[in-house]
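Trainee: One letter stands for each residue in the lines below.
Protein chains: 2
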Amino acid sequence: MDAQTFRRHGHELVDWIAEYLEHSEKYPVLARVKPGDLTAALPSHAPEDPEPFEAIMADFERVLVPGLTHWNHPGFLAYFAITASAPGVLADFLSSALNQQAMLWRTSPAATELEAVSLAWLRRLMGLPDSFEGVIYDTASVATMHALVAAREASIADVRKRGLPGRSDVPPVCVYGSNQAHSALDKGAIAIGLGHDSVRKIEVDEAYRMRADALADAIADDRRAGRLPIAVVATVGTTSTTSVDPVPAIADICERERLWLHVDAAYAGVAAMVPSRRHILDGAERADSFVVNPHKWLFTPFDLSAFYCRRMDVVRAAFALTPEFLKTAEGERSRNLMDTGLQLGRRFRALKLWMILRSFGARAIREHLVEHMRLATLFESWISAHADFELLAPVPFSVVCFRWRPAGRSMSEGELDAANERLINAVNDTGEVFLSHTRLRGRLALRVAIGHLHTEERHVRRAWDLLQEYAGVGRRA
Amino acid sequence: MDAQTFRRHGHELVDWIAEYLEHSEKYPVLARVKPGDLTAALPSHAPEDPEPFEAIMADFERVLVPGLTHWNHPGFLAYFAITASAPGVLADFLSSALNQQAMLWRTSPAATELEAVSLAWLRRLMGLPDSFEGVIYDTASVATMHALVAAREASIADVRKRGLPGRSDVPPVCVYGSNQAHSALDKGAIAIGLGHDSVRKIEVDEAYRMRADALADAIADDRRAGRLPIAVVATVGTTSTTSVDPVPAIADICERERLWLHVDAAYAGVAAMVPSRRHILDGAERADSFVVNPHKWLFTPFDLSAFYCRRMDVVRAAFALTPEFLKTAEGERSRNLMDTGLQLGRRFRALKLWMILRSFGARAIREHLVEHMRLATLFESWISAHADFELLAPVPFSVVCFRWRPAGRSMSEGELDAANERLINAVNDTGEVFLSHTRLRGRLALRVAIGHLHTEERHVRRAWDLLQEYAGVGRRA
Numbered sequence: 028m029d030a031q032t033f034r035r036h037g038h039e040l041v042d043w044i045a046e047y048l049e050h051s052e053k054y055p056v057l058a059r060v061k062p063g064d065l066t067a068a069l070p071s072h073a074p075e076d077p078e079p080f081e082a083i084m085a086d087f088e089r090v091l092v093p094g095l096t097h098w099n100h101p102g103f104l105a106y107f108a109i110t111a112s113a114p115g116v117l118a119d120f121l122s123s124a125l126n127q128q129a130m131l132w133r134t135s136p137a138a139t140e141l142e143a144v145s146l147a148w149l150r151r152l153m154g155l156p157d158s159f160e161g162v163i164y165d166t167a168s169v170a171t172m173h174a175l176v177a178a179r180e181a182s183i184a185d186v187r188k189r190g191l192p193g194r195s196d197v198p199p200v201c202v203y204g205s206n207q208a209h210s211a212l213d214k215g216a217i218a219i220g221l222g223h224d225s226v227r228k229i230e231v232d233e234a235y236r237m238r239a240d241a242l243a244d245a246i247a248d249d250r251r252a253g254r255l256p257i258a259v260v261a262t263v264g265t266t267s268t269t270s271v272d273p274v275p276a277i278a279d280i281c282e283r284e285r286l287w288l289h290v291d292a293a294y295a296g297v298a299a300m301v302p303s304r305r306h307i308l309d310g311a312e313r314a315d316s317f318v319v320n321p322h323k324w325l326f327t328p329f330d331l332s333a334f335y336c337r338r339m340d341v342v343r344a345a346f347a348l349t350p351e352f353l354k355t356a357e358g359e360r361s362r363n364l365m366d367t368g369l370q371l372g373r374r375f376r377a378l379k380l381w382m383i384l385r386s387f388g389a390r391a392i393r394e395h396l397v398e399h400m401r402l403a404t405l406f407e408s409w410i411s412a413h414a415d416f417e418l419l420a421p422v423p424f425s426v427v428c429f430r431w432r433p434a435g436r437s438m439s440e441g442e443l444d445a446a447n448e449r450l451i452n453a454v455n456d457t458g459e460v461f462l463s464h465t466r467l468r469g470r471l472a473l474r475v476a477i478g479h480l481h482t483e484e485r486h487v488r489r490a491w492d493l494l495q496e497y498a499g500v501g502r503r504a
Numbered sequence: 028m029d030a031q032t033f034r035r036h037g038h039e040l041v042d043w044i045a046e047y048l049e050h051s052e053k054y055p056v057l058a059r060v061k062p063g064d065l066t067a068a069l070p071s072h073a074p075e076d077p078e079p080f081e082a083i084m085a086d087f088e089r090v091l092v093p094g095l096t097h098w099n100h101p102g103f104l105a106y107f108a109i110t111a112s113a114p115g116v117l118a119d120f121l122s123s124a125l126n127q128q129a130m131l132w133r134t135s136p137a138a139t140e141l142e143a144v145s146l147a148w149l150r151r152l153m154g155l156p157d158s159f160e161g162v163i164y165d166t167a168s169v170a171t172m173h174a175l176v177a178a179r180e181a182s183i184a185d186v187r188k189r190g191l192p193g194r195s196d197v198p199p200v201c202v203y204g205s206n207q208a209h210s211a212l213d214k215g216a217i218a219i220g221l222g223h224d225s226v227r228k229i230e231v232d233e234a235y236r237m238r239a240d241a242l243a244d245a246i247a248d249d250r251r252a253g254r255l256p257i258a259v260v261a262t263v264g265t266t267s268t269t270s271v272d273p274v275p276a277i278a279d280i281c282e283r284e285r286l287w288l289h290v291d292a293a294y295a296g297v298a299a300m301v302p303s304r305r306h307i308l309d310g311a312e313r314a315d316s317f318v319v320n321p322h323k324w325l326f327t328p329f330d331l332s333a334f335y336c337r338r339m340d341v342v343r344a345a346f347a348l349t350p351e352f353l354k355t356a357e358g359e360r361s362r363n364l365m366d367t368g369l370q371l372g373r374r375f376r377a378l379k380l381w382m383i384l385r386s387f388g389a390r391a392i393r394e395h396l397v398e399h400m401r402l403a404t405l406f407e408s409w410i411s412a413h414a415d416f417e418l419l420a421p422v423p424f425s426v427v428c429f430r431w432r433p434a435g436r437s438m439s440e441g442e443l444d445a446a447n448e449r450l451i452n453a454v455n456d457t458g459e460v461f462l463s464h465t466r467l468r469g470r471l472a473l474r475v476a477i478g479h480l481h482t483e484e485r486h487v488r489r490a491w492d493l494l495q496e497y498a499g500v501g502r503r504a
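Chain order of the listed sequences is A and G.
Using this note's numbering, the letters of the first sequence map in sequence onto residues 28 to 504.
Using this note's numbering, the letters of the second sequence map in sequence onto residues 28 to 504.
One should not assume that every hint holds.
No copy is singled out in the list; a pair is fine if it fits within one copy or between any two copies.
Said to hold, decoys possible - Calculated pairs, EDC-like style, for lysine to aspartate or glutamate (alpha carbon to alpha carbon, straight line, at most 20 Å):
no.	residue 1	residue 2
1	K354	E440
2	K228	D248
3	K188	D213
4	K61	E459
5	K188	D224
6	K53	E484
7	K188	D340
8	K354	D366
9	K188	D249
10	K354	D444
In short, the hints are calculated from the structure, not lab data.
On a predicted model such as this, the values are computed, not experimentally measured, just so you know.
Just chain A, with the same shape it has in the complex:
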């Protein structure tokens, strides 16, 4: 594709994307295709001859667009709602064109240094101290895995060299999180060879927060049994209910027990930018590592996970390994990002974080977060005031967990689960909004998650109207 053609299609694409970002409401939120539909509509072999970009875009619109679930739809209220904001999309476009590979400082001084600068900006906005060094990974799953590797490195002699198998000096290892912790803890522990049995799921209190006393008991039990506790993952904003673990109490335990404390604030960490929520990171300054995902609630196109560590030397001790073909004169004087992780190559992700923080400015970001929390509180008030709905968890941020439970009717838990499943399916089938679910104390809970930049009160009201309309009905007659 020559420059002229690139310009033409680039301009067309800008218009397509502008239209898409502005009018994503014209699509059903949740894709309506069936498994296999798209595959059947696409050829089984790549073409021999070049095809014009117009033809490719036409197929994109005809075949792929119906298969999109519109994460950029303001009625997207499922999982954690995310946003590809306009400055983020532009920055990512530029990043793709620059194709920087910041494995070494010299292979992209700009990406290497901007990563440190933009992560420092974000860290200061959240009120975390400068003792945390940052690095960008793709996802919180990868960040948590690195935290667990660092914990292992800090706890088991010579583990980088000698590994875990066949060692009589290494007992079974334990890592801890609440029973609401993200599956990244499980997957990370499995991946790095600790085994799923190593993961201790600690009981939570009535508000789904880890019980520090139960954590202390579990650690003591494991020590008595000859097992080796190495790390605790405390969550600030769990995935089901966005509950906040008592980080100060957990940090006390970790200090006493000399355990690596990793704080998973993937979703909620950015809320610490808001004065009324600053306290959510109390204690996090004592963590060994911390993760927050700008691609969740900071209007950043996927992927960008910010990992902060007070002991990055331990991460480097685990992962630094420079083959001959990557040794450089700057090696000793500068930071090479490949030393802080499994991956050598990395996209120039810092560019979008930098452009988003500058383009929005901190004040506007805080205002958006406050508004999302206001909308969640509003939705919560509707639920609480309605006789036929019940709230299933507190609402610390912008996610509400609830269910339909009609007053004055006796229904078993099984019947309630089934009725709520019918309800969410009916609401989602409208295409106007998309809610997801979770399970809390065995009950099916519906979730409304507000986080898209363009979600307004009318979208939340519409979700509420639809819920009332379909409650107990299943489908509109």
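Dock chain G against the given chain A, drawing on the hints supplied.
Mentor: Showing chain G alone in chain A's frame:
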């Protein structure tokens, strides 16, 4: 940023990028800043107030552009040269705007199914059989780690559940690669808890190919010592010299010994599209897993690593774990990509692979690869014909390893290393080309790697002219 503003800046950015992609030669390839220069030029805090996109772009040009190493410069002949091709950049732009999260089929049917379709296209172009199922990861390091986890899963009873520590039934584990294998093998083995000692670096022959007899001996030695061999990584296109391990002989050994065979064809795999190089994947059809990186030599903006596996059920057995909030009705009937890896979330990367394959067409891709190999052969012929230069490795693809060694002068290896280091620094300091180095049998080797879409004969000739000009001189007077 409203739609109108997005449009305006989007169009400006298209023009900037078009200019950049067309005229990247106006920049020095290797950035000329010093460590810390960019950091010093940027504020230490994010702004409170929004800043106009013009101001951000102005700072981008003023501060960041001088800190870019131009991977998109046709004189970039270092490491493996890569390309952000025009259709790939456009596709990535669209992907950022769509912000798809294909963790579950339902969260993006389009991204889920297009991933399978486009990976099947690529697989067929390379001549790999349909028994390989594909999944896209970010990097080959992550792909190799998943291969090692799968090997561990297949070899050690209950390892997902029970892990490795504290087990008397699990002896020290061994994994094998040549001494030219990528550091992803080392980092992967360290990450998953096998320990660096588990990595056996097998001797290579005169052409830097793994010696199958030495592999068989090493496995036998380890078995005799009570250790547990689990996997072999064979490389098709090693990072230093692009040598090709004897995959058929290695596959024989793996079958006999029941070891997981992972073929790392990150760079060279795509060359199997070319009839004259089809044989490089002989034996790969017997591998358990295989990785090729379209972001290396297939003109795809970083990141996109294609992982193929004949036993994806083993990868799923290691990694599938569906928390309640992600259980869906389609779960049983459709493929959820989060089950095949550590990460839940994933960019819509398949879109760029699909658009690149269609926009180029297979024939043109083959022609580009053939041309790159012709240029490498040409460069090799100049080296071979010159009395003061020597070739240090065969040239199977598009990378040439060589050094300056003046005829008729007696220089120690140390003096030659120092002279070649001065030579490459002098050549790189011109800003016209960027070469990298490696070390082969203890000697410093210079590398010319041809892989950028727009690298022409004149760029390679210029590199050769500069090498001759500066050879033995150090710096131009």
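Trainee: Determine for every hint whether it applies to the structure shown.
Mentor: Each hint, compared with the structure:
| no. | hint | in the structure |
| --- | --- | --- |
| 1 | K354 to E440 | between (62 Å within a copy, 19 Å between copies) |
| 2 | K228 to D248 | within (13 Å within a copy, 42 Å between copies) |
| 3 | K188 to D213 | between (24 Å within a copy, 10 Å between copies) |
| 4 | K61 to E459 | within (19 Å within a copy, 53 Å between copies) |
| 5 | K188 to D224 | between (24 Å within a copy, 5 Å between copies) |
| 6 | K53 to E484 | within (18 Å within a copy, 50 Å between copies) |
| 7 | K188 to D340 | within (16 Å within a copy, 30 Å between copies) |
| 8 | K354 to D366 | within (12 Å within a copy, 36 Å between copies) |
| 9 | K188 to D249 | between (26 Å within a copy, 17 Å between copies) |
| 10 | K354 to D444 | between (59 Å within a copy, 14 Å between copies) |
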